[in-house]
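Keeping their order, the protein sequence lines are chains A and B.
Heads up, the numbering used here is the position in the first sequence plus 19, with the first residue counted as 1.
Heads up, the numbering used here is the position in the second sequence plus 1122, with the first residue counted as 1.
Treat the hints loosely; a few may be bogus.
Said to hold, decoys possible - Across the chosen pairs, the derived CB separations fall in these ranges:
| id | chain 1 | residue 1 | chain 2 | residue 2 | range |
| --- | --- | --- | --- | --- | --- |
| 1 | B | Ile-1215 | A | Ala-93 | 28 to 34 Å |
| 2 | A | Trp-99 | B | Ala-1213 | 40 to 46 Å |
| 3 | A | Ile-100 | B | Arg-1182 | 16 to 22 Å |
| 4 | B | Glu-1216 | A | Ala-93 | 51 to 57 Å |
| 5 | A | Asp-51 | B | Glu-1160 | 27 to 33 Å |
| 6 | B | Thr-1191 | A | Leu-92 | 27 to 33 Å |
| 7 | B | Arg-1205 | A | Trp-99 | 28 to 34 Å |
| 8 | B | Ser-1167 | A | Arg-32 | 42 to 48 Å |
| 9 | B | Ile-1215 | A | Trp-99 | 41 to 47 Å |
| 10 | A | Asp-51 | B | Gly-1188 | 26 to 32 Å |
| 11 | A | Ala-96 | B | Arg-1190 | 44 to 50 Å |
What the hints assert, rightly or not - If we take Cβ atoms under 8 Å as the criterion, some of the chain A residues that face chain B in the derived model are:
| id | residue |
| --- | --- |
| 12 | Pro-26 |
| 13 | Ala-27 |
| 14 | Val-36 |
| 15 | Ala-38 |
| 16 | Gln-42 |
| 17 | Ser-44 |
| 18 | Leu-92 |
| 19 | Ala-93 |
| 20 | Ala-96 |
| 21 | Ile-100 |
| 22 | Arg-104 |
| 23 | Gly-110 |
| 24 | Trp-112 |
By construction, these hints were calculated from the structure, which means they are not laboratory data.
C-beta atoms are modelled at their ideal positions from N, C-alpha and C, and glycine is treated no differently.
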Amino acid sequence: MMESADPARHAARDALVSAAAAQRSLVDRPVDPAGADLAYAAGMGVTLAATVALGAMNHHGRRAQVAAAALFLAALAVFWIAGQRFRRANGFWVDGHGPGRAGRVAGVLTFVATLWSIGAGLAGGYERWELAAAAVVLGTATAYGLARLWIRMVDRELRAGAGRLDA
Amino acid sequence: MPEPGLDPVIHAAPRLKAMAMLAAVDVVEFARIRDALEVSDSVLSKHLAALNEAGYVENRKLLSAGRRTTWLALTPAGRRAWRSHVAALRALIEPDDE
Chain A
20 MMESADPARH AARDALVSAA AAQRSLVDRP VDPAGADLAY AAGMGVTLAA
70 TVALGAMNHH GRRAQVAAAA LFLAALAVFW IAGQRFRRAN GFWVDGHGPG
120 RAGRVAGVLT FVATLWSIGA GLAGGYERWE LAAAAVVLGT ATAYGLARLW
170 IRMVDRELRA GAGRLDA
Chain B
1123 MPEPGLDPVI HAAPRLKAMA MLAAVDVVEF ARIRDALEVS DSVLSKHLAA
1173 LNEAGYVENR KLLSAGRRTT WLALTPAGRR AWRSHVAALR ALIEPDDE
């Protein structure tokens, strides 16, 4: 009985090992960070949009609000393009781990950073341009960090997936 | 001849590897799978046709550097078939403890 089961067991093990190797081949070369630069740029766009929107509430009226909305939409378009660049450069795509996700998180964080810096600035009596500059610096750092983190997440997830298959 | 519980459509080695790659991500470029499997375009096409016919894989034409290239993705049925095939392989390796 065992004699007939052993070849099947070996064949099954070989099949899983070769499947895991095929999955690992997706990350045999380092994941190309193409698109991360655009995700980063889009993060800055969201930051600027948030800054202009906040400025609009206080000083600039409807035109600034329209400008903020346009900036935000442009940033979303850039996130989408960033995803397309990543897909083309790497030959694969993982939903939910693209620049769009990093961008959404970056958008929320940069908005909070903007709010905080303007609030702090108003309390400290800074000029508007100083507050905007502070917000852009904070937002840029956040967006850049998240774009880099995203690339690492994709790489780690693929390696872990292949590891689970032949464990 | 595959063991009971194994999917005969997935069982062939090139199809098993292609399915493994597709299961790891959402879409993969045809050329990426062909290079990983070290097979010709026609051989891979033949295997993919079998997976297509079973409803496990779908083709998408997407633009890459100005030209349309073929990208492949598992269908929900393909993902289910892959999971049960892997489960059947594992069951062969680790049969119930007696």
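Each hint tested on the structure:
A hinted range of 28 to 34 Å is violated for the C-beta pair Ile-1215 of chain B and Ala-93 of chain A, which are about 53 Å apart. Restraint check, Trp-99 of chain A to Ala-1213 of chain B: a C-beta distance of roughly 43 Å satisfies the suggested window 40 to 46 Å. The hinted range of 16 to 22 Å is satisfied by Ile-100 of chain A and Arg-1182 of chain B, whose Cβ atoms lie roughly 18 Å apart. Checking the proposed 51 to 57 Å range against Glu-1216 of chain B and Ala-93 of chain A shows it holds: the Cβ atoms sit about 54 Å from each other.
For Asp-51 of chain A paired with Glu-1160 of chain B, a C-beta distance near 21 Å fails the hint of 27 to 33 Å. Between Thr-1191 of chain B and Leu-92 of chain A, the C-beta spacing of about 29 Å keeps the proposed range 27 to 33 Å intact. At roughly 31 Å, the beta carbons of Arg-1205 of chain B and Trp-99 of chain A sit within the given window of 28 to 34 Å. Between Ser-1167 of chain B and Arg-32 of chain A, the C-beta spacing of about 29 Å breaks the proposed range 42 to 48 Å.
Checked against the hint of 41 to 47 Å, the pair Ile-1215 of chain B and Trp-99 of chain A passes, with Cβ atoms roughly 43 Å apart. Our hint of 26 to 32 Å for Asp-51 of chain A and Gly-1188 of chain B is violated, since their Cβ atoms are close to 18 Å apart. About 22 Å separates the C-beta atoms of Ala-96 of chain A and Arg-1190 of chain B, a value inconsistent with the hinted range of 44 to 50 Å. Because the beta carbon of Pro-26 of chain A sits about 10 Å from the nearest beta carbon in chain B, more than 8 Å, this interface hint is broken.
Evaluation of the Ala-27 of chain A hint against chain B yields a held restraint, the C-beta minimum of about 5 Å falling below 8 Å. Taking 8 Å as the C-beta contact cut-off toward chain B, the hint placing Val-36 of chain A at the interface is violated, the least distance being around 10 Å. Hint on Ala-38 of chain A holds. Least Cβ distance to chain B is approximately 4 Å, under the 8 Å limit. For Gln-42 of chain A, the shortest C-beta to C-beta distance to chain B is roughly 4 Å, which falls under 8 Å, so the interface hint holds.
The criterion of a C-beta within 8 Å of any C-beta in chain B is met by Ser-44 of chain A, whose closest approach is roughly 4 Å, and the hint holds. Residue-level restraint check for Leu-92 of chain A is violated (minimum Cβ-Cβ distance to chain B is 22 Å; threshold 8 Å). A distance limit of 8 Å between C-beta atoms decides the matter here; for Ala-93 of chain A the minimum to chain B is near 21 Å, and the interface restraint is violated. Taking 8 Å as the C-beta cut-off, the interface hint given for Ala-96 of chain A is violated, the closest approach to chain B being about 16 Å.
Because the beta carbon of Ile-100 of chain A sits about 12 Å from the nearest beta carbon in chain B, more than 8 Å, this interface hint is broken. A cut of 8 Å between beta carbons decides the hint on Arg-104 of chain A: the least distance to chain B is about 10 Å, and the hint is violated. Satisfaction of the interface hint for Gly-110 of chain A is found here, the shortest Cβ-Cβ separation to chain B being roughly 4 Å, below the 8 Å cut-off. Checking Trp-112 of chain A against chain B: minimum C-beta separation of about 5 Å stays under 8 Å; hint holds.
Checked against the numbered hints listed earlier, the structure breaks hints 1, 5, 8, 10, 11, 12, 14, 18, 19, 20, 21, 22; every other hint is satisfied.
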